[in-house]
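J.: The primary structure of each chain is shown beneath.
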Amino acid sequence: MTKSFFYHALKINEETCIGCSHCMNACPTEAIRVWNGKAIIDDDQCVDCGECERVCPVNAIYVEDDSFDDIFNFKYRIALFPSVFIGQFPEDVKASQVYSVMRHIGFTHVYEVERAVEILNSSIIKYQANSDIELPIISSFCPAIIRLIQVKYPSLVDNVLKLSTPSDIAAMFYKQKLIDEGISEDEIGIFYITPCAAKIAAVRSPVGEEKSIVDGVINLNNLHNRVYSEIKKGNVDNSIIPEPTELYDFELMWSFTRGEASRVKGRTLAIDGMKNVMEFLEMVENEEVSGIDYLECRACKEGCAGGILNNENRFLIVERLQKRVERNNQKKGKVVLSGIEKYSEYLVNNMQLGEVVPRSMMMLDSDMETAMQKMKEAQKIEVRLPGIDCGACGAPSCRALSEDIVKGNATQSHCVFVQKVLMSRGEINMETAFAIIDKIWGDKIVKGSKK
Amino acid sequence: MMKLDYKIEGGDFTNAGHASSEVKKVLKKLNVDPKITRRVVVSLYEAEVNVVAHAYRGEIFVEISTNKIIIKLVDEGPGIHNVDQAMEEGYSTASEEVRQMGFGAGMGLANINKNTDELNIYSEVNKGTTVEMITYLDKN
Ligand SMILES: Nc1ncnc2c1ncn2[C@@H]1O[C@H](COP(=O)(O)OP(=O)(O)OP(=O)(O)O)[C@@H](O)[C@H]1O
Ligand code: SF4
Ligand SMILES: [Mg+2]
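In order, the protein sequence lines correspond to chains F and S. Each residue of the first sequence is one higher than the one before, counting from 4 in the working numbering. Each residue of the second sequence is one higher than the one before, counting from 47 in the working numbering.
Isolated chain F (complex conformation) (with noise of 0.2 Å):
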């Protein structure tokens, strides 16, 4: 087999997975398959949406980050992390006291991500002005949204915001601020704090632009824990404590749902979670609504206070942040000025975005005759199937099944209704039907001891 070309980072840890299928059955590409008693993630469709993590009973998904000790490898380690980070934390804790544990454990310079947005959202408005775009415009934020229009709704890429996220671009900043501050390049390194999967397939392979400028990702769940017992332990230096830059209300709220959606021009709708993204997006693609001017979708209930690796529960962070934003406004006049006005021009050329590249995977072929042949005789073997998507067989539904054995990936045996009928008729055994239902689901779970 030849090697995937689009990195995902949801892993299966084989030694944990007991090939339930939940995950199988929560995918909204349909990507997993439950094969030798495990679920197997199809690279070329998973989007990195985090859903089958958050269904697996058994803890056997997890998130393939970098290793903190990576950040030793850079003389200048810079921590970019998104508001929802300090959303984690109970109220006692200050943020300027993550910032000094920060520190404390190896970043030698601490940001927001947030820091970027207002910058994004004034090029934003003029993009919007701009005539021969089409509409709606769909925003480039979350990364599981972008590869989930790549493959599953091509016909809208042209539709995607043609604009780098807050994180690229906030990295962008700090980066050209510590080289103009007389640093080398190959001396800093900039580790993005992640609440999901997709953002590390965002970095590990980016979409519209050739190389990401984050130098690794850090698992926001891992260092949150970290970070947070050495609050307890009091491991906070006082005279390492810099005085936080403060972000404007709308910036700290970016990520949650509507926090975009409520700063950009005309018609605007924000959509969160995959089953509500997926729905609407088959609606725009067939013309159904019209008149939207802008789409805020988000993999994630909530936003990104939903992120797969977030510790607390979203509404919480959401309300936490809210409060935070309510202590700025309380002491408007005190802020510390982050400079990045000074690169508005730098960060504006630069954060524009290449070409969203459709990468249709839901083809039976790449010829189409070839397709119109497997559909044909996928459509017939699905008549002959129950119809009720049992899941049985390792597949997530009778029609999927169906286009598997198409595609020469599965067998009609390994349908159990179909076994039935085969055993009736003399034409396969006892044992065989055995055989087959073991290769699905190996034989632990079928001899009755799953653990």
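Hints are all accurate, no fakes.
Under 10 Å between C-beta atoms, here's a sample of chain F residues computed to sit facing chain S:
1. Lys155
2. Val160
3. Asp161
4. Glu290
5. Ser363
Using 25 Å as the maximum straight-line C-alpha spacing, the simulated BS3-like pairs for lysine-lysine come out as follows:
6. S:Lys114 x F:Lys379
7. S:Lys71 x F:Lys278
8. S:Lys114 x F:Lys383
9. S:Lys81 x F:Lys278
10. F:Lys97 x F:Lys326
11. F:Lys214 x F:Lys180
12. F:Lys78 x F:Lys180
13. F:Lys165 x S:Lys81
14. S:Lys53 x F:Lys383
15. S:Lys53 x S:Lys118
Some chain F residues well away from chain S (every beta-carbon gap over 10 Å; in silico):
16. Asp47
17. Asp189
18. Arg207
19. Glu212
20. Leu356
Hint data in this document are derived by calculation from the structure and do not stem from the laboratory. Where is the CB? At the ideal position from N, CA and C, for every residue including glycine.
Mind docking chain S with the ligands on chain F? Use the hints.
T.: Only chain S with the ligands this time, still in chain F's reference frame:
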């Protein structure tokens, strides 16, 4: 070559769009260019809604081959008095009820015309209408 067919009921707005969604799935699986797929689906959706909004019942016949897609919608209904006029942007006889569903801007046929390579409309007043839309796959 592949043939698909679907039935439409007049007034059934809940299911308007079913055929276009199904056809879209098929074209994606056949690796038809996404831009062409979109044009086909958009035209079919408009034509489907026209049967739901203006006629009593109808049937959709889709023929897909490697060089073209032919879609024919045959309906029983009031027919169109003046096809040229119906094609004009903004011309609509949609009832109040249909307008309340958000349709009736008089843009449908113009939109279909824009999105298909060939559009043929045959209509007989008090009998029905046949809309034939052809999209070629081998050009550009
Ligand atoms: N299948 C049909 N049967 C009878 N009359 C039709 C049919 N299709 C279109 N018409 C007539 O042609 C007119 C124009 O159709 P068109 O699709 O352009 O606009 P509309 O359906 O009225 O509004 P819109 O499509 O913008 O919602 C209709 O108002 C109707 O009078
Ligand atoms: S909504 Fe945010 S956390 Fe969720 S996948 Fe998208 S970018 Fe990641
Ligand atoms: Mg119409």
